[in-house]
Amino acid sequence: MIITTIGRKTNNSLEAFGRFWMFCLRTTRWMFTGMFQYRNWRLVMPQFYEVGNRSLPVIAITGTFVGMVLAVQAYDQLHAAGFAERMGVLLNLTLVQELGPVLAAVMLAGRVGGALTAELGTMNVTEQIDALRAMGSDPIRYLVVPRFLACLILCPMLTLFADVCGSLAGSWIAVGLKDIPYEPYTYYTMDAVAKWDMGVGFIKSLIFGWIIGMVACYKGFHCRAGAEGVGRACTEAFVAIFIAILIVDFFIATFSTGLYKMLYGFKSLV
Amino acid sequence: MMPESDTRQSDPSASRIGAPVVELRGVSKRFGSLEVLRDVSVKFRRGETTVIIGASGAGKSVILKHIVSLLKPDSGEVHCRGERIDTMTERELVAVRTHFGFLFQMGALFDSLTVAQNVAFPLVEHTQRAASDIAKTVSEKLRMVGLDGLQEKKPAQLSGGQRKRVGLARAIALDPEIILYDEPTTGLDPIRSDIINELILKLQRELNVTSIVVTHDMASVRKIGDRVVMLHEGKFIFDGSPEEMETSDVKIVRQFVEGRAEDEQLAGIRMKGKP
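So the sequence lines, in the order shown, correspond to chains A and H.
Counting from 1 along the first sequence, just add 633 to a position and that's the residue number in my numbering.
Counting from 1 along the second sequence, just add 220 to a position and that's the residue number in my numbering.
Hints are computed from structural coordinates only; laboratory data are not their basis.
Keep in mind that a hint or two might mislead.
Per label pair, the in silico range of CB-to-CB distance [unchecked claim]:
#1 Gly743(A) <-> Ser253(H): 34 to 40 Å
#2 Asp395(H) <-> Phe888(A): 53 to 59 Å
#3 Lys373(H) <-> Tyr815(A): 56 to 62 Å
Facing chain A, according to a computed beta carbon distance under 10 Å, are these residues of chain H, among others [to be verified]:
#4 Phe322
#5 Ala328
#6 Leu329
#7 Ser332
#8 Ile354
Fair warning: this is a prediction, and the values are worked out from it, not measured in the lab.
For glycine and all other residues, C-beta sits at the position ideal for the given N, C-alpha and C.
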């Protein structure tokens, strides 16, 4: 009995895993085959507005307050150790490599991921997706690709925006309120934050955007019937995205740190 | 009366009815442990209005979805206009599906689009026509369903009957050869139901389309059907004209015609000791 249950659950999980990757493959194929048609780009612009423009306030607030909290909490320790002028290093490296990408992605997952799953899920249970197929249109091309592209392209941009907000807000606390001299603060920051760090942050946010778009659309497309089904799909989408972001973040951090050491050796910030 | 009685010579509609355009051959479909269709075979002929009746959950809508390959059979074949379609890919099906119009039970209009954009959708997707030309066609189709002037409304601003009529306008936008109706009158009052029935008849007369209608509404069956098939426990148990249906001695068909439940079906809701 137990073995049967385990076998059935394993089977179902493998089936869902396979279905997810088939969904990803179909989306990728449509992205490339459909990119030369104007009618497809016409579908992308409204999604850019929905995912990008409408996320700006929440991303700005997240970045700003994370930057300020980091500055407030780090100042006393750094000041006591005589490293207050290097606070920008800690603040900006943390923002660019870690908190900026992760928190922007989490906010995007909550605001956009949930909305995408709910929208597509509702379309699914009200037969709108079936209607698209019955009219000879591929719902992957019409619904998924524009939403996925918006997440993939805009997640790095929104992350950059969160980084800038956090950095400016942190600088305001450090230089404006804690009286750290502006020039050494800027000098140490510019010296420490390299293209490598920006690149790692960019790659993270690109992958997070991929996860948000793909998982949110997949869950919406495969939700169960009724309002309960849509609600459950939204919850599952957010939890899956959040966990995936944390796990992927760990592996990218481990890989990028190892690769940096292999290429350039250990980098001391003090 | 069993399925696939091919011709009804006495039927006045027989002259406009042609060769089969859609055919299901030995189709079986199962959802988990529930077997919905069991080795079902049926032909739908050109110009004919076939009404599929059966109890709720009998698999009527599942048949419609097999006809446009929204669902694939577990076994058996689906043919449309001489081509086997159940083995086609989604891309190959695009051309096939442009021959169909599908009216979904709740209309399935796209919430984010206006009425005009909904009706124009198949035209924008499958033709290269100019915007002014499309707007003209949209207006013409909406006029056919009695809703011209509502172009800028959103589906949420329409009543249930209006949504179905817009769905019908969208279904006929590409002048399809075959129209599938999934419970077109369910949830509508008798007057609105009659309007939908008249629309189906009008399309039949003006466009000579092949219509396949899933319904529970016996008034619709009598009014629009050239042929009635009944699905019960995954099989067709009746195939004949509406007149033959009225005089059928098949028990479940009689129950449908008379709108009457059997004593054993009512036993569960009767209180103990009371008649």
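Now for the hints, and whether the structure bears them out:
1. Gly743(A) <-> Ser253(H): 34 to 40 Å: 38 Å, holds
2. Asp395(H) <-> Phe888(A): 53 to 59 Å: About 58 Å separates the Cβ atoms of Asp395(H) and Phe888(A), which means 53 to 59 Å holds.
3. Lys373(H) <-> Tyr815(A): 56 to 62 Å: Between Lys373(H) and Tyr815(A), where Cβ atoms are some 59 Å apart, the hint holds.
4. Phe322: With a closest approach of 4 Å, the Phe322(H) hint holds.
5. Ala328: 4 Å, holds
6. Leu329: 8 Å, holds
7. Ser332: 8 Å, holds
8. Ile354: Hint on Ile354(H): violated, closest Cβ of chain A at ~13 Å, above 10 Å.
Consistency with the previously given hints fails for number 8 only.
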